[in-house]
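> Sequence:
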Amino acid sequence: MLIVELNTVNQPKPQYLINSTANGDRKLVFLLREGQGPAVIWLGGFRSDMRATKAEALDAWAQKNGHAFLRLDYSGHGESDGRFEDGTISDWLSDALAVIRERGGPSPVLVGSSMGGWLALLAARALAGSPSAPSALVLIAPAVDFTEKLMWASMSEEQRRTISETGQLLVPSAYGEPYPITRRLIEDGSSHNLFGAPIRPGCPVSILQGMQDPDVPWQHALELVEHLPGEATTVTLIKDGDHRLSRPQDIDLLVNTVDRAVRA
1 MLIVELNTVN QPKPQYLINS TANGDRKLVF LLREGQGPAV IWLGGFRSDM
51 RATKAEALDA WAQKNGHAFL RLDYSGHGES DGRFEDGTIS DWLSDALAVI
101 RERGGPSPVL VGSSMGGWLA LLAARALAGS PSAPSALVLI APAVDFTEKL
151 MWASMSEEQR RTISETGQLL VPSAYGEPYP ITRRLIEDGS SHNLFGAPIR
201 PGCPVSILQG MQDPDVPWQH ALELVEHLPG EATTVTLIKD GDHRLSRPQD
251 IDLLVNTVDR AVRA
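Okay, so the sequence shown: first residue is 1 according to the numbering used here, each after it adds one.
Mixed in with the good hints there might be a few duds.
What the hints assert, rightly or not - Think about it this way: if two alpha-carbon atoms lie no more than 20 Å apart in a straight line, the pair counts; the simulated EDC-like pairs of lysine to aspartate or glutamate are:
(1) K13 to E79
(2) K149 to E226
(3) K64 to D252
(4) K64 to E157
(5) K239 to D252
(6) K13 to E56
(7) K27 to E79
(8) K64 to E34
(9) K149 to D213
(10) K64 to E102
(11) K13 to D49
(12) K239 to E223
(13) K149 to E102
(14) K13 to E34
(15) K27 to E102
(16) K149 to D49
If you are wondering where the hints come from, they were derived from the structure by calculation, not from laboratory data.
Using the sequences and the hints given, assemble the complete structure.
Okay, structure coming up:
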């Protein structure tokens, strides 16, 4: 792994890490605020980036409390290299693991939003037994198995045929421009499905879920809980909360939940 600081006046300074994979090298940009541990590591959502509202709020909390905070852009997201439509769950999990292992320190707290919640659970499984195994997970509207459970399952036969025949479908988004869903993403995602068997992250799990979430229904979060036997799991349902959970009261809840997790 190669870590190099980029020239910028922003603090903390963006750095990059080269994630060498069988499919080539990927330059990943990340932000690390040095401080006491365990480090809090932000894993963003599908098509999101490390400078999103919730990540910035956690960085402000970390700065105020002298706590270590690490966030990254997966390949094809934000400031990292690559095209979004070329990415898969395998790629983005590999990116997250590369940064966690290199700069996350021991026993980090993983905070995953939407797709990042799925990646946090997959990362916990991959890191089990190592110094980088997480000490806690905080999951915001965790979109576990979303490529199959929330995307493919909700598509019409015509949409499925378009993906199968052309390899890609452009889907309207409430958050901006239409985005591509590829056959590679759907097929690869199925190899990482967690539902259907016990999920053992090896640490306490806190879940924050809006009940007005149009993207990840609150019932999906409860299905996740059913797959977490033997773990200390807490679920907070926000009755009027949406998918982003970025209102001031939602941010306060997130920060307080993370603060408790690092002090446990």
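> Does each hint fit the structure? Answer for all of them.
Each hint, compared with the structure:
1. For the suggested pair K13 and E79, the alpha carbons sit about 13 Å apart, so the restraint of at most 20 Å is met.
2. Note on K149 and E226: the hinted pairing holds, with a Cα-Cα distance of about 16 Å set against a maximum of 20 Å.
3. The straight-line distance between the Cα atoms of K64 and D252 is roughly 14 Å, inside the 20 Å bound, and the hint therefore holds.
4. For the hint pairing K64 with E157, the CA-to-CA distance comes to about 51 Å; that exceeds 20 Å, so the pair is violated.
5. With a CA separation close to 16 Å, the supplied pair K239 and D252 stays within the 20 Å bound.
6. Proposed proximity of K13 and E56 is supported: the alpha carbons are some 14 Å apart, at most 20 Å.
7. The hinted pair formed by K27 and E79 meets the criterion: a straight-line CA distance of about 9 Å does not exceed 20 Å.
8. Restraint check for K64 and E34: the C-alpha separation of about 12 Å stays at or below 20 Å, so the hint holds.
9. Restraint check for K149 and D213: the C-alpha separation of about 15 Å stays at or below 20 Å, so the hint holds.
10. Straight-line distance between C-alpha atoms of K64 and E102 comes to about 25 Å, which puts the hinted pair past the 20 Å bound.
11. Straight-line distance between C-alpha atoms of K13 and D49 comes to about 16 Å, which keeps the hinted pair within the 20 Å bound.
12. Taking the CA atoms of K239 and E223, the gap is near 18 Å; set against the 20 Å cutoff, the hint holds.
13. Our distance criterion of 20 Å between C-alpha atoms is broken by K149 and E102, whose separation comes to about 32 Å.
14. For the hint pairing K13 with E34, the CA-to-CA distance comes to about 11 Å; that is within 20 Å, so the pair holds.
15. About 14 Å separates the Cα atoms of K27 and E102, which keeps this hinted pair within 20 Å; it holds.
16. Our distance criterion of 20 Å between C-alpha atoms is broken by K149 and D49, whose separation comes to about 23 Å.
Taken one by one, the earlier hints fail for this structure at numbers 4, 10, 13, 16, listed in ascending order.
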